[in-house]
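Novice: Residue numbers (this note's numbering), protein chains in the order written: chain A, 30 to 250; chain B, 30 to 250; chain C, 30 to 250.
It should be emphasised that the hints constitute simulated quantities derived from the structure, not laboratory data.
No experiment lies behind these values; they were computed from the predicted model shown.
Take every hint as true, because none was put in to throw you off.
One copy or any two copies: either way a pair holds, since identical chains are not told apart in the list.
Computed cross-link-like contacts, DSBU-like style, restricted to lysine-lysine with a CA-CA straight-line distance of at most 35 Å: (1) 166 <-> 52; (2) 52 <-> 193; (3) 71 <-> 166; (4) 71 <-> 193; (5) 52 <-> 163; (6) 166 <-> 193; (7) 52 <-> 71; (8) 71 <-> 159; (9) 193 <-> 163; (10) 163 <-> 71; (11) 159 <-> 193.
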Amino acid sequence: SGKSILFRLLMWMSRLSGSDSIKTLVFPTQTSTSYVELVPQKPLNLRAYTMCMRVATELSGEREVILFAYRTRDYDELNLWRELDGRLGLYMSGEGIIFGVPELGPLQTHLCVTWDSTSGAVALFMNGRKSLTKIYKKGHTVQPWGQVILGQDPDNYVGGFDEKQCFIGEILDVNMWDSVLPDSTIEDMFAGRTAPTANVINWGSTALLFQGNVHIVDVER
Amino acid sequence: SGKSILFRLLMWMSRLSGSDSIKTLVFPTQTSTSYVELVPQKPLNLRAYTMCMRVATELSGEREVILFAYRTRDYDELNLWRELDGRLGLYMSGEGIIFGVPELGPLQTHLCVTWDSTSGAVALFMNGRKSLTKIYKKGHTVQPWGQVILGQDPDNYVGGFDEKQCFIGEILDVNMWDSVLPDSTIEDMFAGRTAPTANVINWGSTALLFQGNVHIVDVER
Amino acid sequence: SGKSILFRLLMWMSRLSGSDSIKTLVFPTQTSTSYVELVPQKPLNLRAYTMCMRVATELSGEREVILFAYRTRDYDELNLWRELDGRLGLYMSGEGIIFGVPELGPLQTHLCVTWDSTSGAVALFMNGRKSLTKIYKKGHTVQPWGQVILGQDPDNYVGGFDEKQCFIGEILDVNMWDSVLPDSTIEDMFAGRTAPTANVINWGSTALLFQGNVHIVDVER
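Generate coordinates for the entire structure from the input sequences, incorporating the hints supplied.
Specialist: Below you can see the structure in the form of structure tokens.
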């Protein structure tokens with residue numbers, strides 16, 4: 030049809046200009062009810078992973094902020110927090126590990142976490158720069174069949190939200206791989222160059238389930 | 030043999046993907062007992078040198094931190110310190126020279142020191158940017174047959190460690206040359222481009238002797 | 030001669046390795062007596078100019094610092110200052126113009142000033158980034174037959190130095206052209222790419238006259 034031809038023409042033009050569209054999530058207000066569930070490409074049965082996102086927030090000062098939550102029925106399997114004092118904390122079913130990195134802010138930060146069970150090596154990357162490596166949960170396995178939540182911290186299996194911990198701001202480009210990506214690959218992703226296809230959570234193709242006041246916006250990259 | 034063929038296949042695959050492995054040292058806690066000795070490729074009989082490393086640490090505030098120590102039986106021949114106030118100090122058997130450069134932090138800093146006996150010129154490089162040049166120990170020679178130590182400051186020939194001065198964090202890519210490398214070469218190394226083979230300490234091939242609680246991790250570059 | 034052949038061989042080898050040597054000036058201490066006079070390639074009879082240098086200093090806080098002084102018998106024809114509050118000020122025989130740019134520091138800054146008499150347009154460049162343009166001394170001419178001084182501010186024709194205003198740190202790569210260079214040319218110079226030959230002051234060929242405690246060092250680029 031004419032509409033289909035116009036659509037293909039637009040797609041072709043967008044490809045010519047080198048531009049790409051990406052969806053982004055805006056959490057505008059403090060609530061205990063708004064969140065987005067991401068449907069992974071496969072169960073999170075993980076002995077190693079790389080998890081990346083782009084995040085921007087005006088939250089600052091003494092405020093906990095949940096950035097990423099993956100919870101099974103009984104455990105917080107993989108939570109990433111902004112701590113009360115601005116540092117970032119990773120929690121995998123139990124005590125966490127804290128990184129004293131520069132604070133998140135209103136300009137987008139490209140944030141990655143890598144973890145490998147064999148060595149226990151865990152590191153953060155902010156805008157392509159790697160933090161010091163720490164040793165954490167050597168020999169551990171992340172358990173499958175839970176739920177991935179952005180915007181709230183579930184204190185039980187999707188529920189028990191606390192608005193004082195909710196995320197306010199913008200999150201996009203959340204991707205997860207079941208391996209530790211090379212440092213140079215993460216530098217490439219930060220710089221907007223090629224990225225390997227994410228096989229655990231893939232922002233381009235993952236289904237999103239919305240609850241409450243969350244906006245989805247298409248932006249040109 | 031079959032094993033050798035598998036090895037060569039893996040090498041070939043790793044080269045195809047453009048990735049490279051590098052070892053990194055994690056010093057997780059404050060001790061007066063954990064350190065790593067590096068075995069140089071040749072004696073440190075030096076009238077000029079370039080010494081580089083990548084370093085990340087959460088230590089801040091009023092805390093001395095030893096970054097690199099080379100000591101013979103009687104003298105601290107070549108020590109690099111973070112001073113109490115965050116500045117960096119270089120000590121070659123006696124009084125040191127201090128650089129008021131930006132502080133080290135939890136994101137990796139690529140750090141180099143160059144020194145030349147003929148002119149006495151000494152300079153730091155942080156992430157490829159050169160500090161001001163200073164004049165230090167003109168005509169001096171670094172003496173051979175000592176020990177290179179990461180993680181502790183030996184107050185006598187490998188011993189007399191003070192936990193208040195120990196290193197906590199991550200150090201990798203420690204290399205030393207017996208000449209002053211050009212500024213542009215150091216910029217290239219920071220950016221991960223080609224580097225001349227290090228002939229005094231070579232991180233790729235140096236033997237490491239471990240004492241206490243130090244982790245070694247392989248990371249992909 | 031054999032010496033000449035050896036010299037040409039060394040030049041040819043240095044060109045092969047892509048390295049280049051550049052001289053740099055180190056002012057180590059506070060004095061009212063140490064300075065360097067630069068002998069220009071031609072008189073500074075200027076209706077437009079571009080003046081560039083690389084500079085590194087640990088001076089900070091409330092301290093005036095002279096960066097470049099060109100004085101005839103009666104006037105400060107062209108002085109570049111770090112002001113008491115860290116801003117940069119340009120003075121051409123009389124009242125100056127102030128730029129609220131980022132502070133100089135211990136890591137080298139590539140600094141340029143451009144001025145054109147016809148429009149009065151004056152701008153700074155720091156590490157290739159251009160400041161806002163201001164209007165200053167439209168129709169003015171810089172007068173010839175003065176002296177170019179680094180390290181001190183002459184309050185009369187080479188004399189009357191004040192150690193509270195002296196430069197401490199490192200200055201190199203001081204060049205001056207009798208025209209306003211394009212922005213992209215200045216970016217290229219910052220990045221160490223090609224530069225047009227400087228026709229007023231040429232760092233590669235200018236004669237330097239030393240007074241007091243100033244060191245000259247050759248560094249490889």
